[in-house]
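If you want the building blocks of each chain, they are given just below.
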Amino acid sequence: MSESNTPRQANEVESERPETLDDEVVLDVALDTADGAMAPSVIPATSQGGQIPHAASGSVFRQIVTGNAMVSVLSVLLAIVLGGILMAVTNPKVAETAGYFFAQPGDMLTEVFRPYVALVQGSIFNWAAADTAGQLYPITETLTVSTPLILAGLGVALAFRAGLFNIGAQGQIIFGALFGAYVGFTWHLPFLVHLLVVVIAGLVGGAVWGGVVGLLKARTGAHEVIVTIMLNYIANFLLLFLLTTPAFQRKGSTNPISPFLDQSALFPELLGPQFRLHAGFLLAVLATVLVWWLLKRSTLGFEFRAVGANQSAARTAGINVPRAVILVMAIAGALAGLAGIAQVSGTEKYLSGGVAASIGFDAITVALLGRSTPWGTFFAGLLFGAFRAGGVAMQAQTQTPIDIVLVIQSLIVLFIAAPPLVRAIFGLNPRKKTKATGGPGSGTMPSGKIESGAATA
Amino acid sequence: MKLELKGITKRFGSLVANDHIDLVVEPGQVHCLLGENGAGKSTLMNVLYGLYDPSDGEILVDGKPVVFKGPGDAMAAGIGMVHQHFMLIPVFTVAENVALGNESTKAAGFLNLDETRRRISEISEQYGFHVDPDALVEDLPVGVQQRVEIIKALVRDAEVLILDEPTAVLTPQETDELLDIIRQLKAAGKSIVFISHKLREVKEISDIITVIRRGKVVGSADPSASPTELASAMVGRAVSLTLEKKPAQPGDATFKVRDLTVVDHNGQHVVDGLSFDIAKGEVLAIAGVQGNGQTELTEAILGVQPHVTGSIVLDDVELLGKSVKQVLSAGVGFVPEDRKIDGLVGTFSISENMILDLYDKEPFAKGIGMKPALIASHAEKKVEEFDVRTPSIDVAVGTLSGGNQQKVVLARELSRPLRLFIASQPTRGLDVGSIEFVHKRVIAERDNGTPVMIVSTELDEVLELADRIAVLYRGKLVGIVPAGTSRDVLGLMMAGVPEHEAELTAHKTLEGGTHV
Amino acid sequence: MSTTTTQSGSGTPAGNAPSRPGKTGATELVSWKAGIGLSLLAILGTVLFGFMSNSKSAGFGIAEAANEAASSVAALVTFVLALLLSVWFVYLWFTRRRSGLASGSGTVPGWLPASTVAAVVVLGLAALGVAKVSKITLPSAAVGWIASVILLGLAGYTVYRTQAKKTTPRWVGGTFAAVFLIGFMVWIVAGGNGDEPSISLAGLIAGSVTLAVPLVFGSLSGVLCERVGVVNIAIEGQLLLGAFSAAVVATVTHNVYAGLVAAAVAGALVSLVLAVVSIKYLVNQIIVGVVLNVLISGLTSFLFSTLLTADPDGLNKPGRLPPVDIPFLSDIPIIGPILFHQSLVGYLMYIAVIVVYLGLFHTKWGLRVRAVGEHPQAADTVGINVNRTRFWNVLMGGAIAGIGGSFFTLVSVDAFSKDMSGGRGYIALAALIFGRWNPIGAFLAALLFGFADNLQSVITIIGSPVPSQFMAMLPYALTVFAVAGLVGRSRPPAASGIPYVKG
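Residue numbers (this note's numbering), protein chains in the order written: chain C, 1 to 457; chain F, 1 to 516; chain R, 1 to 503.
Among the clues, some could well be false.
[As the list claims (entries may be wrong)] Chain R is nowhere near these chain F residues, computed Cβ spacing over 12 Å in every case: (1) 7; (2) 63; (3) 67; (4) 73; (5) 149; (6) 174; (7) 232; (8) 245; (9) 385; (10) 487.
[To be verified] In silico DSSO-like links for lysine-lysine, alpha-carbon gap of 30 Å or less: (11) R:33 to F:325; (12) F:381 to F:366; (13) C:296 to F:381; (14) F:361 to C:296.
[Claimed, not checked] Short derived list, chain C residues pointing at chain F, Cβ under 7 Å: (15) 298; (16) 299; (17) 306; (18) 313; (19) 318.
For the record, the hints were derived by calculation from the structure and aren't laboratory data. Don't be surprised by glycine CBs; every beta carbon is placed ideally from N, CA and C.
The whole structure should be built from the sequences, with the hints applied where relevant.
Here it is as structure tokens:
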């Protein structure tokens, strides 16, 4: 009998619906990510009354997604509102116009909405532009900016699914870019072949840096969060060092930047030279499809998911867990490496110390917002790409610092990770209702426990 | 102190774990709660200890109603509990563990562990415990850890001591020592609530027995009641202890284990020089008290134990050194001891769990791609064949009941042609109906001509399934005896007494005979 | 037919310590990792210090005292005191050891060897002061080769012990580290420009201590949180918001002390979000930490770009907490300027380390905290409110990190700038792990990382054989080694990162 929870079981609140007493369910989800999001009230009350939550894919994420689109939308909304308030409060013009708000409310409202209008104009459609090209430019810019976000986000998401917290996309991007760029400006090959070789080099670079994490984790048990954080810095300093060496530094330049990549090593422009959008975006779409296939339809993905959900059971079923850990980190790294290629072969065209910008960290938020599903990550990447692209335009037009994008982005993720919080804010909390009625058999048994567990907070 | 429970009800969602339970514990009494796994004993005790809030009913101490908001309140009221899984912090010393929550302090909140050490020695002396207050708990044997738990309760002046399945992890000797301790505590005027499903201990130690079944009190019994009476009260119907099965028709011995030794991370020989054979069409049951090397033995065969020497041969192929995948491919079916940890991926659907170890085999996969349609139809078929009660094959397996979960594991493991079938604790925590089902399936596999190895700590199960019984004690083989061997002999062997000696002793005790 | 095998499939490849039956003490170092790790380092050391050494010698300048007379008195007093203490400790060590060997139990208490080493080091430094040595010059090649031989010997000894399945004594690791450090310093200084390159040792160390201040506060925050079972990745955010608030509040109130308090409050505020979201809403602690860092970075940068740049005089001119000399102690040569010439934040650092250490390991509060971090359920069953304990600890940790953040704007630079914590929160995290979740260990690790940081800037000035980027990498590389278990074994609190749900 094990009515008493082990700490490990404690995460699995939602599943604690014992059919028989001794068999309360131990869902050994190594992926803590889901645990938080899987707090009891995530499951709509209707599905708790005896209907068992549908889990066709068996993925924890699916369960979260079902019935939670609402929470996602509300989270985005809430974050945008909070961001708006922050911008309004810090904008002296808003204060100015607020002075005669009742006389001319339009002025203040215009002032409040101006940054967001600029953001939309800069990321989706610029109705003020002179020609169609100018009007469509923002959306292409969004796609361009999203490309590395999606690729790196997929790397983070894939590792998540195997129960690994890959904070190391930053380092993996750098390694991918490092390998790819080197091949791109030192080798001189024909068009397409060169690009292909560069892409492969990027994959290898990322895979090496990700694989190291997997190797350390599998062989020594080193925690991947710590290792990836540290490897990010190591990769960064290595990049900075290499850019001062003759092998990488541009001839005649004192700045730590590399030569330009050969034209043959660059992604072709998709819509002509007036747009920055390059074929890397197609690569991102392709990668999304591949990751989807990998997770859903391949034996390898089955292994990854099994290892992520219950390592012991995976091992007992003959899955080589260390191999899966190393492989998934290598593949995750390779995906992030592709993001590095999207930078050097796509937008930047050379290697610099800032090649990875903050893509590696944004990728984490992208994967979280996408709930670690491939398509979720894809659309989350598009959204954050739009924020980025629009943010630049917003900063130029309204002098609103682009940092606001970081604030909104992190707020979205924070809210999405804690659906009960969003529900509480919007007064949608089903928990309170069932508590009030206190109906036995209402099927929300764990909620009381959460209350008691968290009442102190 | 007199403790009363009146109409205690505890619900988990739609499930009623305790249904209007009444219980009175008189001072200086050993009150046994007897019930099957899953009957609701531990839930009741967790309610009593303040870990769960009762949905209904009240607790009275010396006639006055009390409400326990947490274990702290229960302790303050004089209730102490020794949990089945010890609540000790492995990296703390005994003194630190005992002090925790009940610290003696010097000025400014500084710990006064000397005071705690003094109290521990005091209690140790009184009851004859031998516990070093400065030993790290993780270095102590299980029996001693249990004493630390008892000391923890006594230091807090507990008058009522709840022992939740205290003998599950103990050897027979340790069990006897524990029973002695309980007698001493009783003599000192403490009340004991002793939770168990083991008839022998219950009869030996209790003053009064309350039987719980499916969350309800089904009656109380006197310790002098016959074991059959107690057993049938516990499981709710006359227990037929014999499964209808044909006599075994063993063929050639195709599974051979020789000099198998497993060394754990501490350098202990947890499996020590085991040699045995299993023939086709025969069930060899591995009997023994939990923790005598059974887990390591099965894991060594499966290939997940790191330091193994000796030889494991199946159909003239050496399995030792092979990967788990290779072992499974050699035709080994494996039902692990803990299905929730090792047998199933709780968040995966039934259909995914049905192919957990076949996911990369034809026809479910071709190359690296999987075949969802085939996987689903396979799951549909197996769900029907094994009578898994579920609304759909897409349901997460973790939401099923224990019995249905075990059926999924069995269905998976028996769904391919087997050369050897190993099942560890195949019916742990299952209801009677599921137990019967599982047992029938095991015998059916035997009758198919598969060598079967059953590991069980339940003597009943061993006797029911086995054609031959191998008894393990401290990783060593005490002996292999035929199916008809008496419980007394087996019990002694499980305590490490060699076969012939056990038979002699058993005859003697039988004359005094209260053994079940 | 007999085979022996080591199946790789069985190692639990995870940091999920709770499920792993861990063992400390006896089995700790009987692992191939220690031998391999030390051997690699020894070979590296031999190549660098031995083969790559040059004919130059390295000079280590020792700071001159401000007040000659006071300094020599202080040096003498310290020398005598340190001598007495050293003798006393050594005597104690030997008698304890002997009685321990005789009775078979009762070993040398853990603090004794450490204290003895500390006393001897102080003795040595004081002796230099008494002798009025102003500069030590060491020949690079000779020192390099001697160091190499010792390193190889120690590594060989470790491998031999491992082969014989015996534990390696603790002094081996300590000595190895010390010798490696000396060899490294001599090699790197001798590799500088000029005929006889030298650096100021006292300045180097004093600078290290200063640079270590935010790291120490950050890692203490981490210790407090992790020991109670909450992973605190948000140290970076706590430092940053601390720095920001200190700057703004100190400017607005024209009071640096108000800034200090505001920094603590700001750090606690970050913790509040971490605590509420992770403890109440059970969101994964690592996620919350990562997201909080992004949020704080965005928020402070945004506010900096809008408000602070618009009105720097009114919002971003906090003034400074000046360094304060402690009378007499600051006159001790070498030691004085290093330890006793600090700002208020620096002294708070010493206090915080001591208080956290004593609190965690010697008080009722600490016992409960550690219990909650190791086995929350056990703590719950003895009546400890797990989540409340966690909540307050996380808040306290945040406040401490916040104070560390004030270092940036009140001590180091007197104005806030974007992302000025510069990833030190992550180094603090590294220090916490390298220091094995122990306040003293974290303090020493932070000092080491501060040292690496300072050395990096010093050697860029004198020129050196090692690119500065590699010096900058050092803390991170060491941490990877530490978590991979190549340098001993580090075991986090068992329940760290796992939310507790009652019932």
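Hint check results:
Annotated as non-interface, residue 7 of chain F keeps its C-beta farther than 12 Å from every C-beta of chain R; the closest such distance is 21 Å. A cut-off of 12 Å between C-beta atoms confirms that residue 63 of chain F is not in contact with chain R; the least separation is 24 Å. The Cβ of residue 67 of chain F lies farther than 12 Å from every Cβ of chain R, with a closest approach of about 15 Å, so its non-interface assignment holds. The beta carbon of residue 73 of chain F is not kept farther than 12 Å from every beta carbon of chain R, the shortest such distance being approximately 8 Å.
Consistency note on residue 149 of chain F: stated as away from chain R, yet its beta-carbon is not over 12 Å from all of that chain's, at 10 Å minimum. With a minimum CB-CB distance of about 20 Å to chain R, residue 174 of chain F clears the 12 Å threshold, and the non-interface call stands. Every C-beta of chain R lies more than 12 Å from that of residue 232 of chain F, the closest at about 33 Å, which supports listing it as non-interface. With a least CB separation of 35 Å from chain R, residue 245 of chain F remains clear of the 12 Å interface cut-off, as annotated.
Chain R leaves residue 385 of chain F outside its interface by the beta-carbon criterion, the shortest separation being 31 Å against a cut-off of 12 Å. Listed as outside the interface, residue 487 of chain F is consistent with that label: its C-beta sits roughly 33 Å from the nearest C-beta of chain R, beyond the 12 Å cut-off. Only pairs whose Cα atoms come within 30 Å are accepted, and residue 33 of chain R paired with residue 325 of chain F is accepted, the gap being roughly 29 Å. Between residue 381 of chain F and residue 366 of chain F the alpha-carbon distance is near 21 Å, which keeps this suggested pair within the 30 Å criterion.
Under the criterion of a C-alpha separation no larger than 30 Å, the hint pairing residue 296 of chain C with residue 381 of chain F is consistent with the structure, at around 22 Å. With a C-alpha separation of about 16 Å, the suggested pairing of residue 361 of chain F with residue 296 of chain C holds against the 30 Å cut-off. For residue 298 of chain C, the interface hint holds, since its Cβ comes within 7 Å of a Cβ in chain F; the closest pair sits about 5 Å apart. The interface hint given for residue 299 of chain C is met, as the beta carbon of that residue sits about 4 Å from the closest beta carbon of chain F, less than 7 Å.
Because the beta carbon of residue 306 of chain C sits about 5 Å from the nearest beta carbon in chain F, less than 7 Å, this interface hint is met. The beta carbon of residue 313 of chain C comes within 5 Å of a beta carbon in chain F, closer than 7 Å, and the hint placing it at the interface holds. For the restraint placing residue 318 of chain C at the interface with chain F, the shortest Cβ-Cβ distance is roughly 4 Å, inside the 7 Å limit, so the hint holds.
Consistency note: the structure conflicts with the earlier hints numbered 4, 5.
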